[in-house]
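*Asks:* Here are the chains, one letter per residue:
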Amino acid sequence: MSETRSETLVEFDDVLTRYEPVIGLETHVELGTESKMFCGCATTFGAEPNTQTCPVCLGLPGSLPVANAAAVESTIRIGLALGCRIASWSRFARKNYFYPDIPKGFQTSQYDEPLCTAGHLDVEVDGETYRVEIERVHLEEDTGKNLHVGGATGRIHGADHSLVDFNRAGIPLVEIVTRPVAGAGAKAPEVARAYVTELREIIQALGASDVRMEQGSLRCDVNTSLAPIGSLEWGTRTETKNVNSLRSVERSVRYEMRRQAAVLDAGGRVVQETRHFHEDTGSTSSGRSKEEATDYRYFPEPDLVPLAPDAEWIEKLAAGLPELPAARRRRLQEEWGLSATELTWLVNAGALGLVEQTVAAGATPADARKWWLGELARRANDAGVELADLAVTPAQVAELTALVAEGTINDKLARQALDGVLAGEGDPRAVVEARGLAVMGESDELVAAVEAAIAGAPDVVEKVRGGKVQALGALVGAVMKTTRGQADAATVRRMLEERVR
Amino acid sequence: MSTESTPDRGATPALGRQDIAHLARLARLAVTDEELDRFAGQLGAVLDAVAQVQRADAGDVAPTTHAVPLTNVLRPDVATPSLPRDVVLAGAPAAEDDRFRVPRILGEEE
Amino acid sequence: MSDLTALTAVELQAALSAGETSAVEVTRAHLDRIAAEDGALGAYLFVDDDAALARAAEIDASGAAGTGLAGIPVALKDVFVTEGVPTTSGSRILEGWRPPYSATVATRLQEAGTVLLGKTNMDEFAMGSSTENSAYRPTRNPWDHDRIPGGSSGGSSAAVAGRLAPLALGTDTGGSIRQPAAVTGLVGHKPTYGSVSRYGLIAFSSSLDQAGPMARTVMDAALLHEAIGGHDPRDSTSIDAPVPTVVEAARRGATGDLAGLRVGVVRELGGEGAREGYEQGVLDRFAEAVALLEAAGAEVREVTCPSFGLALPAYYLIAPSEASSNLARFEGMRFGIRVGDDGSRDVDEVMALTREQGFGPEVKRRIILGTYALSAGYYDAYYGQAQKVRTLITRDFTAAFDGGVDVLVSPTSPTVAWSIGARVDDPLAMYAADLCTLPASLAGVPAISVPCGLSDGLPVGLQVMAPALADDRCYRVAAAVEAAQGAPLTDRLAERAA
Ligand SMILES: [Mg+2]
Ligand SMILES: [Zn+2]
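Protein chains in written order, with full-length UniProt numbering: chain X, 1 to 501; chain L, 1 to 110; chain W, 1 to 498.
Hints are supplied without guarantee of correctness; some may be wrong.
What the hints assert, rightly or not - No farther apart than 20 Å at their CA atoms in a straight line, the calculated lysine to aspartate or glutamate pairs in the DMTMM-like style are these: (1) X:Lys145 with W:Asp380; (2) X:Lys241 with X:Glu7; (3) W:Lys364 with X:Asp295; (4) X:Lys145 with L:Asp98; (5) W:Lys364 with L:Asp97; (6) X:Lys187 with X:Glu133; (7) W:Lys364 with L:Glu96; (8) X:Lys145 with X:Glu214; (9) X:Lys145 with L:Glu96; (10) X:Lys241 with X:Asp160; (11) X:Lys145 with L:Asp48; (12) W:Lys364 with L:Asp33; (13) X:Lys187 with X:Glu128; (14) W:Lys364 with L:Glu34; (15) X:Lys95 with W:Asp380.
Said to hold, decoys possible - Chain X is nowhere near these chain L residues, computed Cβ spacing over 12 Å in every case: (16) Glu35; (17) Val73; (18) Glu96.
Don't read these hints as lab results, they were simulated from the structure. Keep in mind that this is a model prediction, so the values were computed, not measured. Where is the CB? At the ideal position from N, CA and C, for every residue including glycine.
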């Protein structure tokens, strides 16, 4: 239920004078497996509705689940990356409840016997490290997707009826639950964001999921509560759903802190409830509070047998883990000789991997950084896309830097060459050739331009000859102008010097 | 799997009409008043009978959830053909726009 | 040939391979008998004459008839989903539903070349012991039309006993193959849990359900068992082991020699001090059967299984609990009927109305009971405790089998078939019919029911239980009992009718 009336909010800094925030995050990650969790249906995103369904994921009578080995392994790998203990005995359980997008009348999940427990993830905010304890990592299945028809656009409330697509039902879902995080104070919203950011990178590094928040393959529920400073008891928490971007994670915590503080200040009690986050306003609103607590009647899933990963299996998976993001950052910082701040810039720009690949393709770290954080970052910003989504590959960027280094083009021409690459005209070298962008050698044309410049500005020539060497710049500029920037400035300068002296 | 406290052994709470109504709601069963009365009587007797399991001295006995001692039964991650959509929707009580049509949902927004 | 419906599957096999008859003739003979008798019996919920005859013609044309089960008609309990063929599980809620896929056992029978005669009646969702809980109509016992054919596989038992099919598949959760087999004079076997695929079997209680054969002779049951058994990767609880050699065991048992076999008579199932609820006629036939085993060379002794007495309460917690969850998918959204969707009701109301009108009273009772047993605060005392009792029962079996007996025996059912209507309003009396069959269900071990005579003109069954995956022992002992009696018990039914 979206509330139109605006809620009373306390200024953020003010909140912290009286209350200590405690946050907790439940993150659902759709695994990037070929097939669903318990059946062989494909998992392609954006497929036509109900084309990736079968008796199992539609919950047809008589159908039975068989667990996907890759999903189990991905869950264990995520657990290992988070320093979890991997259970030697783990079971699926049925979480019983009715909802039209739940095909079986229960969600196959894990309850008191999850695959991974007791891990942690260290995140850094403004140079300070916060340890987020991981309570559990378990494996479950996604639900179908409802489309609400009639009433306000696509909203459940006021809708006439709904339409269900079960393509998503049964896609393996890993749920990562943190323990409550206290003590972050004013940094709580940023810690929440940093945690999700880091988690996302880890899962990406593992290749376990494409973790695209906008496509819902990573979804966050953010719990927030406030306790009066000095109080030994934690406050009542709210659970904010629908938090679909990193920025929203931070904003939702901030909003809930401000809202709950206002409630408490007014002598009220925070209601334990689900709240919904609204991207447009950055606010949360109350979900329908339940008349009675849902009783999920969990019990061990009799149609699936226990998972009992032995030490050998776990060791094999541990040995196959890639370098994790934190270690990689430390290594690259050292290899490239970066300061902590420089590294942070790279990371925040989402350019670390791109720079690394560009260096791997032959560019110097300095050149690669210059391009990705400069020209390319500006273009991504102008186009409103992620850096990684620009139509240029790290190898092409490396080629550009090579062309400049060898003197074939200068920086200005390189930017024109980039235009061509982004326009799909091919690799930089091909664009340079096709567009005729190469700098001029000591061609007749260039000699003529140099001589014309000298002839056209006798006063300047005099000044140079008189010892004012910097006046030569005006002549260089003139030549560059005549050649429309296609000449190499250093060459022009040398040619001018030879002739003026 | 519940971790909450359990009722006293041997003390079988009788199932009243209200309990039946609550359970029926949880199970999405619209029961009539007449059914409530009948079920309360019948289930009371059944509950007395099944409560005898509490007489077993089974304190540290491990529960059996599976009659066969299998573990790690897994399927390789290979996509196999799904059902054709017309077949999928042919059995649906109502369909619209290639999807299952369901009555309006009063639950929480997702 | 005179009456093809009087022949066993083995005899039909011989006649087909000798070219004395055809699959079409055999099928037509059974369809004719169904047309003549089933109005009174109510064994079938669905029969498609044209499809059956077309299928039979296809088998004849292929030249396969007579090899294995090819060309032999079978009936399937309506709990197995069959692609394009109506499947209801005896419930109104699935009325009109044609599944888009087939159960593994149905596919295996198809591949074996059998001819599907139709789908047989059953207690709704297999909940019952009398087939009176079918949403469509009750089935009657061919031995006495005023009596129940047992349940929940009562349609299958009536069809085979009444010669409306030579073979049928049933399912057994707490005795639903064995008890109807016993009260209609058939052989019925509940295989080791996990040895026959459950894929496509509409679940009642997942940890107990098991499909198995029902036939008029032990050898027929063994043939059907071998056709459906074996590992299925679609069922996670399926055991990856060879099918027990039950046909060979049936052949061996038919020699009548059980020398060296050690038989345990379970004291708690109709033995001294545990006879309440057992009819004298049943106890007499059981005693005679035990004597017969001794005469065949078996060593018989009494064995005590102290926890068997708690099988009934444990079962009536575990099965309803699992059922309450298994039946949650029947809410009228993706398949089956939907009630009350007139635009005025929300989805919860439509689900509740659909279930209210789609389910019968016994199903509702068990859903409510199971919902209760699983709910927070009661789980440990009910479902959890029942599963501990299950462990104790399994230990009793292990102790008996490790302690020197090869099989355990008991009556299959404490009574013969009762009169239709006698127990419908008394759930506890109905549940008592499963007293003897429940321990094997809870422990997952195989158990067979083989006819051991009549009491007041009604069939009595002997139950033989064996360790997991030793299904062959059940068949061997059953075949010896059958051999000692000279002829299948159902022959007497045919004589009586003649
Ligand atoms: Mg979850
Ligand atoms: Zn599927």
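*Asks:* Hint numbers the structure violates, sorted upward?
*Replies:* Hints 1, 5, 7, 10, 11, 17, 18 are the ones this structure does not satisfy, whereas the remaining hints hold.
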